[in-house]
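Chains A and B are the protein sequences, given in the same order. Per our numbering, the first sequence runs over residues -19 to 243. Per our numbering, the second sequence runs over residues 1248 to 2034.
One thing to keep in mind: the hints can contain errors.
In silico EDC-like pairs for lysine to aspartate or glutamate, Cα to Cα no more than 20 Å straight-line [unchecked claim]:
no.	chain 1	residue 1	chain 2	residue 2
1	A	Lys18	B	Glu1867
2	A	Lys203	B	Glu1449
3	B	Lys1900	A	Asp225
4	A	Lys18	B	Glu1376
5	B	Lys1393	B	Asp1566
6	B	Lys1900	A	Asp200
7	B	Lys1696	B	Asp1407
8	B	Lys1900	B	Asp1963
9	B	Lys1814	B	Asp1895
10	B	Lys1393	B	Glu1437
11	A	Lys232	B	Asp1895
12	A	Lys18	B	Glu1449
13	B	Lys1833	B	Glu1809
14	B	Lys1816	B	Glu1897
15	A	Lys232	B	Glu1897
16	B	Lys1810	B	Glu1867
17	B	Lys1259	B	Glu1776
18	B	Lys1969	B	Glu1680
19	B	Lys1635	B	Asp1555
20	A	Lys18	B	Glu1304
21	B	Lys1699	A	Glu207
22	A	Lys18	B	Asp1275
23	A	Lys18	B	Glu1688
24	B	Lys1900	B	Glu1809
25	B	Lys1259	B	Asp1498
26	B	Lys1816	B	Asp1850
27	A	Lys232	A	Asp200
28	A	Lys203	B	Glu1680
29	B	Lys1699	B	Glu1688
30	B	Lys1814	B	Glu1827
31	A	Lys112	A	Glu46
32	B	Lys1635	B	Asp2020
33	A	Lys170	A	Glu207
34	B	Lys1699	B	Asp1850
Simulated restraints on C-beta separations [claimed, not checked]:
no.	chain 1	residue 1	chain 2	residue 2	range
35	B	Asn1879	A	Asp219	34 to 40 Å
36	B	Asp1263	A	Ala23	21 to 27 Å
37	A	Ala23	B	Gly1269	28 to 34 Å
38	B	Gly1281	A	Phe(-14)	57 to 63 Å
39	B	Asp1419	A	Asp219	55 to 61 Å
40	B	Glu1366	A	Ala23	20 to 26 Å
Derived by calculation from the structure, the hints in this document are not laboratory data. Note that beta-carbon positions come from the ideal geometry of N, C-alpha and C, so glycine has one too.
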Amino acid sequence: MYNFEFAKPSSIAEAVEALGHDEAQALGGGQTLLPTMKQRLAAPATLVSLNGISEMIGVCVNDAGEVCIGGATPHATVAREAQAQYPALAALANRIGDPAVRSRGTIGGSLANNDPSACYPAAALGSGATIKTNTRDIAADDYFQGMFETALEEGEIITEVRFPVPEKANYQKFVQPASRFALVGVFVAKFADGVRVAVTGASSNGVFRWAEAEAALSADFSKAAVEGLSAPAGDMISDLHGSGDYRAHLVKVMTGRAVAAAG
Amino acid sequence: MPTDHGIGASSKRREDLRFLTGRGRYTDDINLQGQAFVHFLRSDVAHGRINGIDTSEAEKMPGVIRIFTGADFEGVGGIPCGWQVTDREGNPMREPPHPVLAQGKVRHVGDPIVGVVAETAAQARSAAEAVVLDIEELPAVVDMRKALADGSAKVHDELDGNLCYDWVFGSDDAAIDEAFSKAAHVTTLELTNNRLSPNAMEPRVAVGDYSWASDESTLYTTSQNPHVIRLLMGAFVLGIPEHKLRVIAPDVGGGFGSKIYHYAEEAFCTFAAKQLRRPVKWTSTRSEAFISDAHGRDHITTIQLAMDAENNFLGVRTDTLANMGAYLSTFAPSIPTYLHGTLMAGNYKTPAVQVNVKAVFTNTVPVDAYRGAGRPEATYQLERLIDKAAREVGADPVALRRQNFITQFPYATPVAVEYDTGDYNATMDKLLEMIDRDGFEARAEASRKAGKLRGLGINCYIEACGIAPSALVGQLGARAGLYESATVRVNATGGLVVMTGSHSHGQGHETSFAQVVADMIGIPENMVEIVHGDTANTPMGMGTYGSRSLAVGGSAMVRATEKIIAKAKKIAAHLMEASEGDIELKDGQFSVAGTDKSVAWGDVTLAAYVPHNYPLDEIEPGLEETAFYDPNNFTYPSGAYACEVEVDPETGKVQVMGFAAADDFGNIVNPMIVSGQVHGGLAQGIGQALLENVAYDENGQLLSASYMDYAMPRADDLPFYKVDHSSVTPCTHNPLGVKGCGEAGAIGSPPAVVNAVVDALQRGGYAHVTHIDMPLTPARVWSAMNG
Ligand SMILES: Cc1cc2nc3c(=O)[nH]c(=O)nc-3n(C[C@H](O)[C@H](O)[C@H](O)COP(=O)(O)OP(=O)(O)OC[C@H]3O[C@@H](n4cnc5c(N)ncnc54)[C@H](O)[C@@H]3O)c2cc1C
Chain A
-19 MYNFEFAKPS
-9 SIAEAVEALG
1 HDEAQALGGG
11 QTLLPTMKQR
21 LAAPATLVSL
31 NGISEMIGVC
41 VNDAGEVCIG
51 GATPHATVAR
61 EAQAQYPALA
71 ALANRIGDPA
81 VRSRGTIGGS
91 LANNDPSACY
101 PAAALGSGAT
111 IKTNTRDIAA
121 DDYFQGMFET
131 ALEEGEIITE
141 VRFPVPEKAN
151 YQKFVQPASR
161 FALVGVFVAK
171 FADGVRVAVT
181 GASSNGVFRW
191 AEAEAALSAD
201 FSKAAVEGLS
211 APAGDMISDL
221 HGSGDYRAHL
231 VKVMTGRAVA
241 AAG
Chain B
1248 MPTDHGIGAS
1258 SKRREDLRFL
1268 TGRGRYTDDI
1278 NLQGQAFVHF
1288 LRSDVAHGRI
1298 NGIDTSEAEK
1308 MPGVIRIFTG
1318 ADFEGVGGIP
1328 CGWQVTDREG
1338 NPMREPPHPV
1348 LAQGKVRHVG
1358 DPIVGVVAET
1368 AAQARSAAEA
1378 VVLDIEELPA
1388 VVDMRKALAD
1398 GSAKVHDELD
1408 GNLCYDWVFG
1418 SDDAAIDEAF
1428 SKAAHVTTLE
1438 LTNNRLSPNA
1448 MEPRVAVGDY
1458 SWASDESTLY
1468 TTSQNPHVIR
1478 LLMGAFVLGI
1488 PEHKLRVIAP
1498 DVGGGFGSKI
1508 YHYAEEAFCT
1518 FAAKQLRRPV
1528 KWTSTRSEAF
1538 ISDAHGRDHI
1548 TTIQLAMDAE
1558 NNFLGVRTDT
1568 LANMGAYLST
1578 FAPSIPTYLH
1588 GTLMAGNYKT
1598 PAVQVNVKAV
1608 FTNTVPVDAY
1618 RGAGRPEATY
1628 QLERLIDKAA
1638 REVGADPVAL
1648 RRQNFITQFP
1658 YATPVAVEYD
1668 TGDYNATMDK
1678 LLEMIDRDGF
1688 EARAEASRKA
1698 GKLRGLGINC
1708 YIEACGIAPS
1718 ALVGQLGARA
1728 GLYESATVRV
1738 NATGGLVVMT
1748 GSHSHGQGHE
1758 TSFAQVVADM
1768 IGIPENMVEI
1778 VHGDTANTPM
1788 GMGTYGSRSL
1798 AVGGSAMVRA
1808 TEKIIAKAKK
1818 IAAHLMEASE
1828 GDIELKDGQF
1838 SVAGTDKSVA
1848 WGDVTLAAYV
1858 PHNYPLDEIE
1868 PGLEETAFYD
1878 PNNFTYPSGA
1888 YACEVEVDPE
1898 TGKVQVMGFA
1908 AADDFGNIVN
1918 PMIVSGQVHG
1928 GLAQGIGQAL
1938 LENVAYDENG
1948 QLLSASYMDY
1958 AMPRADDLPF
1968 YKVDHSSVTP
1978 CTHNPLGVKG
1988 CGEAGAIGSP
1998 PAVVNAVVDA
2008 LQRGGYAHVT
2018 HIDMPLTPAR
2028 VWSAMNG
């Protein structure tokens, strides 16, 4: 790790100001950024911690009935506090990493990083969430732009994520044996006006919606409806832990299981 | 019989107080006055020619003290190999040089090229980034079969190819050909034994120190055998006589073999400390550990079994390619030969057994012993083969094994070893009691209803440990003896300090060794302290590996304690004015047989050091004895293991539902510690079978270079084990009758897991799946099912 300055603002406005400096970078839980810095693969001049900004931490429900999660809220808090309103989301948060990771890692950090194997992107895209930043609201459909790529501008902070609550939902995570990130993860959400299916871990373009499954499930929300589909084609990741074909197969299996578990 | 103290008691591990409360003292906790830090710039290509190293910018960086390259080590020896294997023509193996820092070429990703010494570790690392390397990348040799093909690139230009040796062992060609020509059935299996990274919890660390006033060098290092390091580094690398070199291995956080070997970083720190007249420290990162700690296993094997029409084993023939990596690590050549070929008879009275091993150089990290070392590879191939054979001829896998068990001891195998004792039916009977085999069908039916395939795998193992008879291993090419030593020092007030040449790095020696000595004298265990790990205050010993410490080191302790008792009896006889032959020692009291006269242990020890009333004309004062023990034979622990799995046919995921281990370790000193050793071994064996794998791409880049891609077993990957070690056939040739238990779990478990998965798939209708190579990841199992 190289030397760096450290700032811990207590408001969004101060954080935005601090991030305006040259080579300043936001620090969420540091679960991705700090290991990268230790390996000397990142060298920000200033780290701006978002962990002291109380308006960015916590879970609540807004007038529209959406579950709103502050951008600096750790996974463990989501697992605990979203349980009543959005159990599928809470369950997803509760299976990220290990207790230490869940106590530090944040939803904003996870979505900003957009790791192709991360869990939250599936929940955000699958729920049709809104990513609120210090400057604008971004629909999940516009936010994810490929592996590690998002719609965020330089210095833009995720301050809140708003999740519409579906009638039924479930996340199925098939873990990569070493990292225990998602080898394939599928988030299925059934809303009054249709079903959304978001897939993480599988594609080299990052999280994506599986349109065929959405259409089939919107017509018939059952495991059988998934069984009739062919596995999604496209640019699947192929690595030590599984071929593209295997991942495509798992997408179908996990989708079916998510539907069955959603009830 | 369990007791509450002494031999047979589950005494709590006294060392755990400091380990569990963070008060252990590891090598990285040692920080010396004026200490500097080294950072190694390592090769990021698998194979390349060094055309230039420009350190000029780096030298100007803050805090830099000195930058060393291969040229600085030209007058210094290379890292030696401790074992010479002779090939089928009687020629010695090819033994290329292994420089401390790369000279001319780099030969694997991680090969150290430059050592930058600076005031802080961060400064050393920054300066290393400023070193400019001009390396011309060469074609990498990764695949062993390709390495042996004509026209392959060569890891070592001075050799005629990449073959280290071509070794044949056991029955002669005529005998083996006859066995196969008579066979009614021949079973053939091709398999790989996956390469593993040892992953001790504590990464390696070395601190070199030098005193110019006394011309003495000291090395603090994470070692399983400080005396071996002193001998190898002093005599072969740096030319420092042993009385001027002290090696200290304090608390060490796990080794599993990887801390046996003498590594370049140790020699570097010792050498640089002398050059710079300052202590020099290196602490490995986990990332460096993956590319610099010796790996384990990595065999490609074809094995065949010949059976007659009644399913009697007639012959076993096996051909293995064994990866040596880029250089010969300390014991590397002996692992696939003398620790592997000698076990190929297994638990069976097969009359003809022939083993061929070709050891191969590749542009990968050196491969050496890893928990079990050679014996897991032997057990895996044989026990997988027997399972396959049973299926092919429609025999019950347990019955087929029993039918061919060795039942008469001693038994001389066709592969040069003589089993002193054992009872393979006893451990198999025990195992069957533990696993409810009759209830399996009902469990399988329940799994089937839940959409899962259930399978049961059973196998046996035998291993050779208590390493090793020096004269025998000397004939086989070992360049060292493999005795062990102990000094027992009794203090005036009766407490004892036992100095052992073996080394504890997780095994609990401080507890179990104290139990042995205390038991012999009949005093509380807390009167005995065990000292290990420092060449300055322990007798020359060979360290800890090969499940040797109790069998060999414990035997030395017994011999030394016997000498103590013999002398103490003389003193007691004098004190009680009795004849020496009438003195009895029980519960720490010396008494005169047939009388009520007695003196306590403490009276005798005090007399030894305050010899006012003492037979000075007959014996010396003091009470301190040393013994060296060289075993007559290996010890042969054996057992039967069973694994039950569920396979998810939709994903290929394997879940271990149960695991049982019935072992015969001979006599048991501390049952709790033995169970713990078996548990740890099973975790590593199940890890090898299902999760762990070192993978290189075709350019020699390590793909599994961190825990993001190298899968270590976690608690929820493992079941609650059932372990039993109540089947005891005491070792016939050591005084404690013990065999050793450190490696068994890792040796016996991989075939049980794979047998179980194949069984599950076969029962589930996947008749084409007769084998899957480890690790049985979900992706591999799914591919096999759908292949
Ligand atoms: C051992 C381990 C296991 C893990 N397992 C999983 C898993 O199973 N599933 C999973 O999904 N994830 C997993 N993770 C990732 C983890 O959950 C975190 O979500 C992730 O590391 C990023 O969150 P963070 O708060 O730590 O972000 P940081 O590491 O602090 O930052 C990551 C990036 O996001 C930026 N950033 C941080 N906060 C914001 C913000 N509010 N607005 C804009 N940019 C921001 C930073 O500048 C940086 O570029 C694991 C991590 C570890 C270390």
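Hint check:
Note on Lys18 of chain A and Glu1867 of chain B: the hinted pairing is violated, with a Cα-Cα distance of about 61 Å set against a maximum of 20 Å. Note on Lys203 of chain A and Glu1449 of chain B: the hinted pairing is violated, with a Cα-Cα distance of about 48 Å set against a maximum of 20 Å. Annotation: proposed proximity of Lys1900 of chain B to Asp225 of chain A holds, straight-line Cα distance about 16 Å (limit 20 Å). For the hint linking Lys18 of chain A to Glu1376 of chain B, the alpha-carbon distance of about 14 Å falls within 20 Å, and the restraint holds.
About 16 Å separates the Cα atoms of Lys1393 of chain B and Asp1566 of chain B, which keeps this hinted pair within 20 Å; it holds. Of the supplied pair hints, the one linking Lys1900 of chain B and Asp200 of chain A is violated, its CA atoms being roughly 29 Å apart against a limit of 20 Å. For the hint pairing Lys1696 of chain B with Asp1407 of chain B, the CA-to-CA distance comes to about 60 Å; that exceeds 20 Å, so the pair is violated. Note on Lys1900 of chain B and Asp1963 of chain B: the hinted pairing holds, with a Cα-Cα distance of about 14 Å set against a maximum of 20 Å.
Taking the CA atoms of Lys1814 of chain B and Asp1895 of chain B, the gap is near 66 Å; set against the 20 Å cutoff, the hint is violated. For the hint pairing Lys1393 of chain B with Glu1437 of chain B, the CA-to-CA distance comes to about 17 Å; that is within 20 Å, so the pair holds. The suggested pairing of Lys232 of chain A with Asp1895 of chain B holds, with an alpha-carbon distance near 15 Å, which does not exceed 20 Å. A C-alpha spacing of about 19 Å is found between Lys18 of chain A and Glu1449 of chain B, which places the hinted pair at or below 20 Å, so the restraint holds.
With a C-alpha separation of about 14 Å, the suggested pairing of Lys1833 of chain B with Glu1809 of chain B holds against the 20 Å cut-off. Under the criterion of a C-alpha separation no larger than 20 Å, the hint pairing Lys1816 of chain B with Glu1897 of chain B is inconsistent with the structure, at around 72 Å. Of the supplied pair hints, the one linking Lys232 of chain A and Glu1897 of chain B holds, its CA atoms being roughly 10 Å apart against a limit of 20 Å. Simply put, Lys1810 of chain B and Glu1867 of chain B have alpha-carbon atoms about 13 Å apart, close enough for the 20 Å limit, and the pair holds.
Distance restraint check for Lys1259 of chain B and Glu1776 of chain B: the Cα-Cα separation of roughly 15 Å lies within the 20 Å cut-off, and the hinted pair is therefore satisfied. Restraint check for Lys1969 of chain B and Glu1680 of chain B: the C-alpha separation of about 11 Å stays at or below 20 Å, so the hint holds. For the hint linking Lys1635 of chain B to Asp1555 of chain B, the alpha-carbon distance of about 16 Å falls within 20 Å, and the restraint holds. At most 20 Å may separate the alpha-carbon atoms for a hinted pair to count; Lys18 of chain A and Glu1304 of chain B exceed this at roughly 23 Å.
Of the pairs offered as hints, the one joining Lys1699 of chain B and Glu207 of chain A holds, with about 18 Å between alpha carbons and a cut-off of 20 Å not exceeded. Restraint check for Lys18 of chain A and Asp1275 of chain B: satisfied, since their Cα atoms lie roughly 19 Å apart, inside the 20 Å limit. Taking the CA atoms of Lys18 of chain A and Glu1688 of chain B, the gap is about 53 Å. The hint is violated against a cut of 20 Å. Simply put, Lys1900 of chain B and Glu1809 of chain B have alpha-carbon atoms about 55 Å apart, too far for the 20 Å limit, and the pair is violated.
Restraint check: the Cα-Cα separation between Lys1259 of chain B and Asp1498 of chain B comes to about 18 Å, which is no more than 20 Å; the hinted pair holds. Between the alpha carbons of Lys1816 of chain B and Asp1850 of chain B the distance comes to roughly 12 Å, so the proposed pair stays at or under 20 Å and holds. This hinted pair checks out: Lys232 of chain A and Asp200 of chain A have alpha carbons roughly 16 Å apart, not beyond 20 Å. Using a Cα cut-off of 20 Å, the hinted pair Lys203 of chain A and Glu1680 of chain B is violated, with the two alpha carbons roughly 42 Å apart.
Only pairs whose Cα atoms come within 20 Å are accepted, and Lys1699 of chain B paired with Glu1688 of chain B is accepted, the gap being roughly 13 Å. Between the alpha carbons of Lys1814 of chain B and Glu1827 of chain B the distance comes to roughly 10 Å, so the proposed pair stays at or under 20 Å and holds. With a CA separation close to 13 Å, the supplied pair Lys112 of chain A and Glu46 of chain A stays within the 20 Å bound. Pair hint Lys1635 of chain B plus Asp2020 of chain B holds up; C-alpha atoms about 14 Å apart against a cutoff of 20 Å.
As the CA atoms of Lys170 of chain A and Glu207 of chain A are separated by approximately 18 Å, the hinted pair is consistent with the 20 Å bound. With a CA separation close to 69 Å, the supplied pair Lys1699 of chain B and Asp1850 of chain B exceeds the 20 Å bound. Evaluation of the 34 to 40 Å hint for Asn1879 of chain B and Asp219 of chain A yields a failure: the beta carbon distance comes to about 52 Å. The hint said 21 to 27 Å for the Cβ distance between Asp1263 of chain B and Ala23 of chain A, and at roughly 41 Å that hint is violated.
Distance hint for Ala23 of chain A and Gly1269 of chain B: a CB-CB separation of about 32 Å, consistent with the stated range 28 to 34 Å. Checked against the given bound of 57 to 63 Å, the beta carbons of Gly1281 of chain B and Phe(-14) of chain A, roughly 31 Å apart, lie outside it. Checked against the hint of 55 to 61 Å, the C-beta distance between Asp1419 of chain B and Asp219 of chain A comes to roughly 47 Å, which is inconsistent with it. The supplied range of 20 to 26 Å is met by Glu1366 of chain B and Ala23 of chain A, whose beta-carbon atoms lie about 21 Å from each other.
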